[in-house]
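**Q** Listed below are the residues making up each chain.
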Amino acid sequence: MIFFVLRRSIFAIVLLMIVSAFTFWIFSALPSDPAALTCGKNCRPEVIEANRIRLGYDKPIIEQYGGYMKGIFTGRTYGEEGASIHCSAPSLGYSYDRHECVTTLIAKTLPVTASIAIGAFTLWILIGVGLGTLAALKRGKWQDRVATGFSVIGVSFPTFFLGLISIMVFVIWTGLLPFPQYSGITENPWKWMTSLILPWFVLAIVSAASYVRMTRNGILEVMNEEFVRLGLAKGLKRKTLIVKYVMRAALVPIVTIAGLDFAFLLGGALVTESIFNLPGLGKLTLAAVINSDLPILVATTLVAAVFIVVANAVVDILYGYLDPRVRAK
Amino acid sequence: MTVPLLSVRDLRVTFGTRDGDVCAVQGVSFDVREGETIAIVGESGSGKSVTANSLMKLNFGSDVRIEGQILLNGRDILAMSEEEVRRLRGNEMAMIFQDPLTALNPFYTIGNQIAEAYSIHHPNTSKRELREIALQSLHKVGIPEPGKRVDQYPHEFSGGMRQRIVIAIALVNSPKLLIADEPTTALDVTVQAQILDLIAEMQQEHGSAVILITHDLGVVAEITQRLLVMYAGNIVEEALVTDAFARPTHPYTQGLLRSVKSLESQRHNQLEPIPGIPPSLINMPSGCAFHPRCSYAHQLGDRCVQQRPLLREVGASRTACHATDDVLLSLGLGDS
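Chains as they are written, first to last, in the working numbering: chain A, 1 to 329; chain B, 1 to 336.
The shape of chain A in the complex, shown without the other chains:
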C-alpha cells in the first residue's frame, strides 16, 4: 500500500511538471506580445522595451520557464534597484494590469472559491447520494419518481438560469436574502453565509442531478449481485445488508467522480461567481481573459491543473484503499 501511494505521488509530480511546461508554452506562443500588454494602447515603444526586459520576456522561452519555476520556490524580483518589484515565494508572476503579484491575487480569491466549492460539494453529495439511495430503495414508488424527476429537471437547467431565477425569487421578489455581497468567514460569518447560500444550492442542485442517477443505478446494479444474495442468505438484516454490502460497493465509483468534480470546482466556478458577484478564482480568470492579463491566466490555469492532478492522485489512492482488488495491481 505504501508503495502504491509513493508510486502514485511520483506520477502526479511528473504530470504536474509536464502540465506546467505545456501551459507556459501555450501562453508564450500566443500572437499577442506580453510586453505590449503591460501598458495601454498609446504606449511609447521605449516603455514596452523597458517592461520586456524587466519582466524577462526578452529571454528565450526555456529560460523564462526556468525563471518562473524558480520563482515558485524562491520568490522573484522584477527589475533592478529603485524600480524593482518583489513577489515572494511562491511567486506565480506579476500582473502589470493590476500592479499586484499574482500569488497575492490568488490568495485573495481562492478562499472565496473554496467557500463556494466546499459548501456546494457537501450539499450536492448529501442531496445526490441521499436522493439516489432513496430512489433505489423505493424503486417504482412515488419517492423514486420524485427523485428521478428532480434529476431530470436539475440536469436540464443550466447554472446561470437557475442562478438568476433564484436571485429573482429570494432576493428581489421575496427579499428573504440580501443581495449577495461576499465577506470573509472570519470578518462576518453571517454575511458570508447569506452571500453563499444561494450559490451553494444552485450549484448543488445542478450537479446533484447526475449523482441521483448514478447512485440509484449503482445501488440497483449491486442489489442484483450474487454476493448481496449470499449476504441475505447468511441472515443479515436488511439494513446491514444495504449499508455494508450494497452501499459500500455502489459508492466506490461515485467517490472517483466526486473527487474530480470537487477539484474542477476548486479551479473556479466561473458562471456562479459571476452571477452572484463573488470575487473568486473564476471571476479573476474571467477578468484576466477580458483584459488579456497573461500572467494571471497562466497562474490560474496552473492552479486549476494542480487541483485536478492532486485530486486524481488522491482519488486513486482512496480507490486503492476502498477496493482491495485495485490495491493488488
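Warning: the hint list may mix true and false statements.
Stated by the list, open to error - Simulated coverage check for chain A against chain B, where a stretch passes if three residues somewhere in it have a Cβ under 8 Å from a Cβ of chain B:
(1) 88 to 98
(2) 221 to 231
(3) 312 to 325
Stated by the list, open to error - In silico DSS-like pairs for lysine-lysine, Cα to Cα no more than 27 Å straight-line:
(4) 140/B - 138/A
(5) 59/A - 70/A
(6) 57/B - 237/A
(7) 59/A - 138/A
(8) 70/A - 141/A
(9) 127/B - 239/A
(10) 148/B - 59/A
(11) 191/A - 57/B
(12) 237/A - 138/A
(13) 59/A - 41/A
(14) 127/B - 140/B
(15) 244/A - 138/A
(16) 237/A - 141/A
(17) 127/B - 141/A
(18) 57/B - 239/A
(19) 244/A - 141/A
(20) 148/B - 127/B
(21) 108/A - 70/A
(22) 108/A - 191/A
(23) 127/B - 237/A
(24) 57/B - 244/A
To be verified - Here are the in silico distance ranges between beta carbons for each label pair:
(25) 178/A - 83/B: 52 to 62 Å
(26) 148/B - 5/A: 17 to 27 Å
(27) 279/A - 148/B: 18 to 28 Å
(28) 127/B - 179/A: 53 to 63 Å
These are calculated hints, taken from the structure and not from any lab test. Just so you know, even glycine gets a beta-carbon here, dropped at the ideal spot from N, CA and C.
Given the coordinates of chain A, work out where chain B should sit on it, guided by the hints.
**A** Below, chain B without anything else, positioned relative to chain A:
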C-alpha cells in the same frame, strides 16, 4: 413415520412481469428427511432454482408471489414474518451458490465473511473466538495455510477455492438443511468432483440434509439418494436415484438419461437429444407441458393436450404421465 425435516406442499411461485404473470413453479410438493440428500434435476427454466430460492424466501427485490406451504420442522416458513425467516437463514438452512466468483463480497476478507455468518446468529462471540472459528472452517473445507489465507480477499483465490469458502460460510452454523444451487456448474471439471466430495463429506460431519439443484445427472449419481425431475414448473418424476437410472418411467426422464454420455453408451449408442426446446413460461402448452416434445403423446391422443397428469405410483417411482404403467415400465431406457 417421523415428521420430515422439510415438507413442501403445493408450492406455487409467480413473478409479475411486463408481459403478465409468469408461474415459474406450478404446485410442487416434496419432502426431505433429516440427513437425506435429494436432487432436483431439470433444464434451464424448469423452476428448480426458483424452488430452491423460495425455500429460503430469497427472491430478493423482484415482484414475486409465493403460495403453498413450506414446513421446516413443522413450521410454515411462508407464514413467518421476515424477521423470523431471517433468523432461519444461514442458521437452520443455508445455501451454496452457483457462481463462486460473484458470490463472495469483494470488499471484505474471507475470514471476515465467515466470521460474519457465525456472528449474525451468535451475537455475543468475541473477536478471537470468531477468528478461531474462521480458521477452523477454512481448515475443514480444505483451504491450505488457513492462518495466512484468512486475511486475504476473494479475488486472491481460484474458483474452486472460492466455492470451498462459500461452503464454509454455509456450514459455519451447522444448518439442518443445505441447499446447493448448481454448486459445480461454474467450476472446472477437475474441481467439480472435489467440491462434490467436500459437500458429501461435510454433510456426513454435520448431519445436514442436502437439496442439490443441478442439470448434471453425473452429479446426481455421485452423491444423492433421491431424485426429483422438474419440467416447466412441475415435478414429473420422483424416484430413488438407483431406480430412476435403471428404470426411468417418465418419458422426459428417459430422454434426459439418453442424452447423457456414459462410458457404455459412448461405445454402443449415439447420444439422443430430446427434440424441441423447453417451453416458454409465458406461453405454456396446455395439458401436459411436455406433450409437444413427447414421442408417446401422439399415441395417447387428446388427453395429453387437454389434461395435466398428476403424480402417481408407477413401479418404484412416482410419475406424472398419462401413459399406462405397462407402457412406462416397458419402455425404460429403450435399447440399453
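**Q** If a hint holds in the structure, say so; if it doesn't, say that too.
**A** Hint-by-hint comparison with the structure:
1. 88 to 98: violated (count 0)
2. 221 to 231: holds (count 9)
3. 312 to 325: Three-residue rule met by the stretch 312 to 325 of chain A, so holds; n is 4.
4. 140/B - 138/A: 42 Å, violated
5. 59/A - 70/A: 15 Å, holds
6. 57/B - 237/A: Within the cut-off at roughly 14 Å; holds.
7. 59/A - 138/A: Not OK: residue 59/A and residue 138/A at ~66 Å, beyond 27 Å, violated.
8. 70/A - 141/A: 61 Å, violated
9. 127/B - 239/A: 22 Å, holds
10. 148/B - 59/A: 63 Å, violated
11. 191/A - 57/B: 57 Å, violated
12. 237/A - 138/A: 17 Å, holds
13. 59/A - 41/A: Judged against 27 Å, a Cα distance of about 24 Å means the pair holds.
14. 127/B - 140/B: Cα-Cα ~20 Å, so holds.
15. 244/A - 138/A: At roughly 18 Å apart (the allowed maximum being 27 Å), residue 138/A and residue 244/A satisfy the hint.
16. 237/A - 141/A: 22 Å, holds
17. 127/B - 141/A: 41 Å, violated
18. 57/B - 239/A: Within the cut-off at roughly 17 Å; holds.
19. 244/A - 141/A: 24 Å, holds
20. 148/B - 127/B: 17 Å, holds
21. 108/A - 70/A: 23 Å, holds
22. 108/A - 191/A: Cα-Cα ~17 Å, so holds.
23. 127/B - 237/A: 20 Å, holds
24. 57/B - 244/A: 21 Å, holds
25. 178/A - 83/B: 52 to 62 Å: 53 Å, holds
26. 148/B - 5/A: 17 to 27 Å: Check passed, 24 Å falls within 17 to 27 Å.
27. 279/A - 148/B: 18 to 28 Å: 59 Å, violated
28. 127/B - 179/A: 53 to 63 Å: Since the Cβ atoms of residue 127/B and residue 179/A sit about 58 Å apart, the hinted range of 53 to 63 Å holds.
Hints 1, 4, 7, 8, 10, 11, 17, 27, counting from the list given before, are not met by this structure.
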